[in-house]
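K.L.:
Residue strings, one per chain:
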Amino acid sequence: MIRVVLPYHLRNLARVDGEVQLEVESPVTLRAVLDALEVRYPALRGTIRDHDTLKRRPFVRFFACKEDLSLEPPETNLPDAVVKGEEPFLIVGAMAGG
Amino acid sequence: MSKIRVLVGTKKGAFILTADGKRRNWKVSGPHFAGWEIYHVKGSMAEPDRIYASQTSGWFGQIIQRSDDGGKTWNTPGSSPEELKGPEGMPKGESNKFSYAGKVGTHKWYDGTQHPWEFKRVWHIEPSLTDPDTAYAGVEDAAIFKTTDGGKTWKELAGLREAKGHLWQPGAGGMAVHTILLDPKNPKRIYIAISAGGCFRTDDGGKTWKPITRGLKSPYELPDPDAEVGHCVHRITLHPSRPDVLFMQKHWDVLRTDNAGEQWQEVSGNLPSDFGFPIDVHAHEPETIFVVPIKSDSEHYPPDGKLRVYRSRTGGNEWEPLTKGLPQKDCYVNVLRDAMAVDSLEPCGVYFGTTGGQVYGSANGGNSWNPIVRDLPAVLSVEVQVLP
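Just so you know, the sequences run in chain order A and B. All letters in the first sequence, in the order written, are residues 1 to 98 by our numbering. All letters in the second sequence, in the order written, are residues 99 to 486 by our numbering.
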C-alpha cells in the first residue's frame, strides 16, 4: 500500500483527511502513483500535472525519503521504503511568495 | 417578499451575502473554497440555485465548482461515481480541462514576438439565459469556452481567436476574455471583451467573430490609435431591453454604441477621470449607467481619495457623483471590472466590491450606500440574484 500525503488544498478538494492509501502494481513509479491517485480522486486531475502533457505543474513538488523527486522523469521508481509503505510519498505546494 | 443573494469572489475565497427585499440586514456565509482565488461566481437565470464558480490557484491551477442548491453545497461538475468513468473505464474529471481547439497558435508577446497560447485561468463564467446546463467561460490566455453539460466538459469556440488573435497582446493584468454578454433577444449573438484585444461580436452562436471597435481611440496605448484590435477594453454592459445599445469602460474613456458595436462614441463628459474598470446599467432605466472613476492608469485609486460612483441618467456625457455613505477622504481602494452588479427590485439595487474588501450596496439606485461587509479579502467579482 502506497501512502500519499496531499497538500491542504488538495485534501479539501479530494475530501480526504490525512494520508491517502493507494494500491499500485509494480513497478511503483512516479507516474504509476499519480495515475492511481487520479483514478481514485478524479477531482485532482489537472491540479498536480497538466491534463494533456502530464507535466508537473510548476509549483508542485514531489518528496520522498528526504529526497526531492520533482525533477525526476515519470518512469522513476519510488524508494523501497515508499513501496513498502514505511515512508509516505509527499505532494507539496512549493514555497512561493515571500 | 423577494430575497437577494449577492455572490462575491475574492482573492481568498467566495462569500455569499443574503438579505430580504428590504436589503437592510445581511447574512454572510463563507469563505467558500477558503484560500483560493475566486475570480467569478454567477448563478443561472434559468435555474437560480444553479451557481457556477471559478476557483484558481497559482499552485494547483483551475477548478470549476457548481452548486445546485443556491451555494449551500458545491461539487466539481461530473464528480458523482457513475459519472467519473469514461468508455475505457478511466476517470473523466474534466470539468477543469480547458484545452485550446486545433492548432494552438500564437499571439503577440510583450517583446513583440509571437508567443503560444497558454491556459491560465477562468476569469468569467456566463450561464445561458435559458438552459442551466449551458454556460460560457472567458479565460486567460484570451479565449471563450462553452459547456452544454453543466460544466463537466468545456469546448473552445475557436473562431474568436481567428479574429486577428495573433495581434492581441497581454497587458500588465494578463490577456483574458473578461466580459461575456448574451443578447436576450437573439440567442446567436454574443459580445465579448478582452484586455488587451478589444471588443468582438458573433452573430452565429460563436462560430465566427468580428472586432467591433470603430470609434475607439487609444492614443497612449497603441501606435495606431484607431486600430481594429488591441484596445484595452475594461468592461462592457447592456440593458436586456435594448441589446443593441452597449456601454463601455475602456482603459481611458467611457463610450456607447447604439448599433451593436458598429460605431462607438465617447460619453465621458464631465467625469473627473474617464479611467476605470466597472460599468453597469440600471435595471429599470436603460439610459442610467454607473461607473467608478479611478485617477489614472498609473494610480489605481479614486481621485482625491474620495470613493465616488458616478451616475448618468442620460446615457453618458452628463454625470453626477454619488457619495452618500461612501468614504470621502483617505480612500485608496480600486473597484475591479467584474465587481459591480445591479438587482431588479424596485428601487434598483446597486452593489460593488473593492480591493480593500468592502462590499457596498445601495437600495435606492445609488442615492445612498451602506457597507454590507467591510473586511473581506480583495474583491474580484460581485454578482446579484433576486430570488422569489
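Be a bit skeptical, because a hint or two may be false.
Below, computed lysine-lysine pairings styled on DSS-like, alpha-carbon distance capped at 27 Å [as the list claims (entries may be wrong)]: (1) B:201 with A:55; (2) B:110 with B:206; (3) B:315 with B:253; (4) B:195 with A:55; (5) B:206 with A:55; (6) A:55 with B:218; (7) B:308 with A:55; (8) B:253 with A:55; (9) B:125 with B:195; (10) B:206 with B:253; (11) B:393 with B:427; (12) B:125 with B:110; (13) B:393 with A:55; (14) B:125 with B:206; (15) B:201 with B:305; (16) B:109 with B:286.
Just so you know, the hints here were simulated from the structure itself, not pulled from any lab data.
K.L.:
Which of the listed hints are not met by the structure?
P.N.:
2, 3, 7, 9, 13, 14 and 16
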